[in-house]
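Asker: Sequence:
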Amino acid sequence: MMTPVSACSSGSEAIAHAWRQIVMGDADVAVCGGVEGPIEALPIAAFSMMRAMSTRNDEPERASRPFDKDRDGFVFGEAGALMLLETEEHAKARGAKPLARLLGAGITSDAFHMVAPAADGVRAGRAMTRSLELAGLSPRTLTTSMRTARRHRSATLPRPTPSGSPVVSMPRCTLRNRR
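If you want my numbering, it's the position in the sequence shown, counting the first as 1, plus 420.
Calculated from the structure, these hints are not laboratory results.
Careful: at least some of the hints might be erroneous.
As a list, the in silico SDA-like pairs of lysine to any residue whose alpha-carbon atoms are at most 20 Å apart [stated by the list, open to error]:
1) K512 <-> V449
2) K517 <-> L502
3) K489 <-> S551
4) K512 <-> E460
5) K489 <-> K512
6) K512 <-> G445
7) K517 <-> L504
Simulated restraints, written as ranges between beta carbons of each label pair [as the list claims (entries may be wrong)]:
8) I459 <-> R482: 38 to 48 Å
9) A516 <-> A538: 38 to 48 Å
10) S468 <-> T561: 40 to 50 Å
11) E508 <-> P458: 32 to 42 Å
Note that beta-carbon positions come from the ideal geometry of N, C-alpha and C, so glycine has one too.
Generate the whole structure from the sequences, applying the supplied hints.
Answerer: Okay, structure coming up:
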């Protein structure tokens, strides 16, 4: 059992760790995911002091706008999601049809800011590159539909790059977030 504590990426990190346990032969099956239930006075006060939360209290239905150029922060909430990862053999033994195959998982940290990733995208690009390396793929093998950057969009304000668009870089492949 592992419990990663890495803010917004904790659930994804749990999936990556479970995948590694299965690939290394330490497990045949793993239940993984993330749960967050932080609605208490201290976290609300802390995020408010960091100006990370939306102040659109007069329009709560329009407050969460992660891809809007006029976003002003995130809306506090609680959620959870779990998934089952297993070897193909384990799935077949229980009569299940595999829905997908996870080929690689990369984890990095930019240690840039408590609530915002670094705008240069270097560490995020390294995580994607590592995922591809572990999967035995290269950026050139990806189809256009697969060239999608998983964006950290909690509606917090990122620091823009000189071009004004956050960029994720991988060897021979540059992915720009569309606005």
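Asker: Now look at each hint and say whether the structure bears it out.
Answerer: Consistency of the hints with the structure:
Our distance criterion of 20 Å between C-alpha atoms is met by K512 and V449, whose separation comes to about 12 Å. Under the criterion of a C-alpha separation no larger than 20 Å, the hint pairing K517 with L502 is consistent with the structure, at around 18 Å. The suggested pairing of K489 with S551 is violated, with an alpha-carbon distance near 30 Å, which exceeds 20 Å. Between K512 and E460 the CA atoms are separated by roughly 44 Å; this puts the pair beyond 20 Å, and the hint is violated.
Simply put, K489 and K512 have alpha-carbon atoms about 47 Å apart, too far for the 20 Å limit, and the pair is violated. This hinted pair checks out: K512 and G445 have alpha carbons roughly 17 Å apart, not beyond 20 Å. Taking the CA atoms of K517 and L504, the gap is near 13 Å; set against the 20 Å cutoff, the hint holds. Between I459 and R482, the C-beta spacing of about 20 Å breaks the proposed range 38 to 48 Å.
Between A516 and A538 the beta carbons are some 40 Å apart, a value that agrees with the proposed interval 38 to 48 Å. Checked against the hint of 40 to 50 Å, the pair S468 and T561 passes, with Cβ atoms roughly 45 Å apart. Take E508 and P458: their Cβ atoms lie about 37 Å apart, and the range 32 to 42 Å holds.
Going down the numbered hints, you'll see the structure goes against 3, 4, 5 and 8, while the others check out.
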